[in-house]
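There are 2 protein chains.
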Amino acid sequence: MIKLGVLGLGTVGSGVYEIVKYRSDMLKKATGEDIEIAKILVRDSSKDRGLDVAEGVMTENPDDILDNPEIDIVVEVMGGIDKAYSYIVRALKAGKHVVTANKAVISLHMEELHKLAEENNCGLLYEASVAGGIPIIKNLKEILKINKVDDIKGILNGTTNFILTKMYDEDLSFEEALSLAHKYGYAEADPTDDVEGYDAARKISILASLAYGTHASIDDVLCYGITSIRTIDVVEFKKMGFVPKLLGCSTRRDNSFSAIVEPILVEENSMFASVKDAFNLVDVLGDNLGELEFYGKGAGKEPTGNAVVMDIIDIILKNYSEFKFEVDKSISSDKGNLFTGLHYLRVSVDREEDKAAVVEKLNASGVQCKYKELERDIIIVTERISSNRIEKLAKEDLGLAKKTFAYLRIESESLVSIDQLNI
Amino acid sequence: MIKLGVLGLGTVGSGVYEIVKYRSDMLKKATGEDIEIAKILVRDSSKDRGLDVAEGVMTENPDDILDNPEIDIVVEVMGGIDKAYSYIVRALKAGKHVVTANKAVISLHMEELHKLAEENNCGLLYEASVAGGIPIIKNLKEILKINKVDDIKGILNGTTNFILTKMYDEDLSFEEALSLAHKYGYAEADPTDDVEGYDAARKISILASLAYGTHASIDDVLCYGITSIRTIDVVEFKKMGFVPKLLGCSTRRDNSFSAIVEPILVEENSMFASVKDAFNLVDVLGDNLGELEFYGKGAGKEPTGNAVVMDIIDIILKNYSEFKFEVDKSISSDKGNLFTGLHYLRVSVDREEDKAAVVEKLNASGVQCKYKELERDIIIVTERISSNRIEKLAKEDLGLAKKTFAYLRIESESLVSIDQLNI
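Line by line, the protein sequences give chains Y and F. Residue 273 in UniProt numbering sits at position 273 of the first sequence, with consecutive numbering throughout. Residue 375 in UniProt numbering sits at position 375 of the second sequence, with consecutive numbering throughout.
Rather than coming from a laboratory, the hints here were simulated on the basis of the structure. Certain hints may be false.
The list treats identical chains as interchangeable, and a pair is accepted whether it falls inside one copy or across any two copies.
What the hints assert, rightly or not - Straight-line distance between alpha carbons at most 25 angstroms, and here's what the computed BS3-like set of lysine-lysine pairs gives:
no. : residue 1 : residue 2
1   : Lys392    : Lys276
2   : Lys29     : Lys145
3   : Lys372    : Lys239
4   : Lys29     : Lys318
5   : Lys392    : Lys402
6   : Lys28     : Lys183
7   : Lys301    : Lys145
8   : Lys148    : Lys21
9   : Lys21     : Lys324
10  : Lys276    : Lys239
11  : Lys318    : Lys145
12  : Lys29     : Lys115
13  : Lys93     : Lys28
14  : Lys372    : Lys395
15  : Lys83     : Lys93
16  : Lys183    : Lys21
17  : Lys276    : Lys324
18  : Lys21     : Lys3
Small disclaimer: the values here were computed from a predicted structure and weren't measured.
Could you put the whole structure together from the sequences, leaning on the hints where they help?
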């Protein structure tokens, strides 16, 4: 008998509860063990959750789980950072295995937590922290056994993919699409984490850390959101045959890596372009096996609950011991320098006569580009430059104020020079 | 020290050889063992293969491997059916684990071979037999631990996907595209297995067998190839916004399943449509986790070699014991009855005046449809009917001779009635 202590009973926690309860036969077959949820930490145990939880299982006291010698595995699905982190630390120090869905905690503390898990002979798994139902972490670990992985990129945030899909397919403005995302429950009350790219940044930092054997912290991830993309941009994207997607990307060359979250223009008949609504897609490039892509639901009760329970199974089967997170201190972040590409840049001006000044500065910048002037906007496509250079071009060379511009890297295998492009 | 005996040193065998040889450190780290290729069975040991194989490792005598008590794992990558099958049986009976890339043997004999493996406490893994570098079998087994999987579909054959891509993107005829596939090494000298769908049928039969716990033999798979698709069809597909793809599909309802390989029309902005050239994509629908898709290289030395070596690692780590292939005799094949959809049907006639007879028979068939007459062809779209019914319509109701028609099921979430369609 394996006893679980579950911290939190929100969306993911309910999913875990239902799978463990209603699929006990399958779990027994997969692990050889009976699995029981012995305790669930909730904020208010009197609240009716529509779940048939037995008397005495819910508790408001974390000690009932963390100090409970009967509990083998602690499942952290409460969210938040500081409290969740301290509970995970306590659980590991008490010799309990930990399964968590908490990308914020893992992204911040993975190096320390893995060390703690190892010292205490415990498993620490967090499949559900990246891309919900997609088993990307387990597959990445498998791939890494006999592949060097330098490049990872993915649509890692369902909320922004939903918004961009609506903006592109149904010509909604960013604000209209965001409001629809709220209506469908895809966006949080405060959508900052999603639309500014911070959520995706945590996820790509976790994947990059595993792939490179370094702790890529969220501070190493350049992060641009999608809030500056306007309807006028979408019109231009369509003319050029591109679809905007918020991608988390990481790449390594020698002992440097770059990680970034930014809106990218992908070709309209590409795999990434076909990912609609709240789905996720992760692309991993292994040096033996080439490109491998994983597509599925990036969030939701059942898919994320499924990921958590798969981790529980692997803990019981001791599959966690096959992968050891080892830190290579010689690898360091090179910010956005390793990412280069043609870039789309739209600059908006208040008055038509302000455009000349922008064009003058553009010419003085030394960056080759093509541009066309619209009534109150200038649409620019630059030569191949780095992600750092486009940022400098917009903010320093052109001296643009926030909200007056948007830029996106163009990812295209066929397009290598601005000469090929008619804008 | 783990000693491997490798049967065959063709494309896949060379890939395995190179990974085992040049990634020995990674393999040691992943398994804790030194791994050595002790013997390789070849037809002609004097042939120069450009591989640096040590003296005495190559042999032309299978007994050197199958009767060799030092060999722990037999890796069958020789292809063919009867000989490969008999060697696998001998290896298992001798208590050796078996890793094979042989879809023909597994598709035919998986039930018996799994039984034999179990009786002899051996592992039997065959990741490379389906979709090359994509770890679909391992992931499917993982998903099945806590999901019921009723539906699987995939682009499982790179050769036909290459041909269809060239026909659609570059307006080549089937014959021109096939000749290009030969030129690039994507097609065998005799392409029958690929273009008639038999290769994909073996693969979907293996996946269906695992998902349903039955032995779906290749005889249970309805199989239509792509040889009847003509340029005139591709023109019509484009007008309707569809892309033709050869899909292997299996579905289950209650205790019946249907498995089929057939060209299907998918929407032009769908994931399947974006799979180009020789890539594969497999879609699995789990009842907890929803849709999960896996994309990657379906063939080639490195990707397939990678899949074989991953199996070797899992044998060493004893991961094979987590999945037991159990046969449920209550599940039986219902041919193509479980697949239904609108169908595209093109009928070609020798003389313009023959069209009237076709239209008359069509009206008499009782199948609702829309049609338009071209010079020597009739383009028909039927109401939702089963895969068995469309076959009967073409062959019996219309009495069409082979080579005078082509039909494709239309897979579209938005299109449910022929009234929506303008042909």
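For each hint, the structure was consulted:
no.	hint	verdict
1	Lys392 to Lys276	neither (32 angstroms within a copy, 37 angstroms between copies)
2	Lys29 to Lys145	between (27 angstroms within a copy, 8 angstroms between copies)
3	Lys372 to Lys239	within (13 angstroms within a copy, 33 angstroms between copies)
4	Lys29 to Lys318	both (16 angstroms within a copy, 17 angstroms between copies)
5	Lys392 to Lys402	within (13 angstroms within a copy, 65 angstroms between copies)
6	Lys28 to Lys183	neither (39 angstroms within a copy, 52 angstroms between copies)
7	Lys301 to Lys145	between (31 angstroms within a copy, 18 angstroms between copies)
8	Lys148 to Lys21	between (39 angstroms within a copy, 16 angstroms between copies)
9	Lys21 to Lys324	between (31 angstroms within a copy, 23 angstroms between copies)
10	Lys276 to Lys239	both (20 angstroms within a copy, 23 angstroms between copies)
11	Lys318 to Lys145	both (17 angstroms within a copy, 16 angstroms between copies)
12	Lys29 to Lys115	between (32 angstroms within a copy, 18 angstroms between copies)
13	Lys93 to Lys28	neither (28 angstroms within a copy, 30 angstroms between copies)
14	Lys372 to Lys395	within (20 angstroms within a copy, 59 angstroms between copies)
15	Lys83 to Lys93	within (15 angstroms within a copy, 56 angstroms between copies)
16	Lys183 to Lys21	neither (31 angstroms within a copy, 56 angstroms between copies)
17	Lys276 to Lys324	neither (35 angstroms within a copy, 36 angstroms between copies)
18	Lys21 to Lys3	within (13 angstroms within a copy, 44 angstroms between copies)
In summary, the structure is inconsistent with hints 1, 6, 13, 16 and 17 from the numbered list given earlier, while agreeing with the others.
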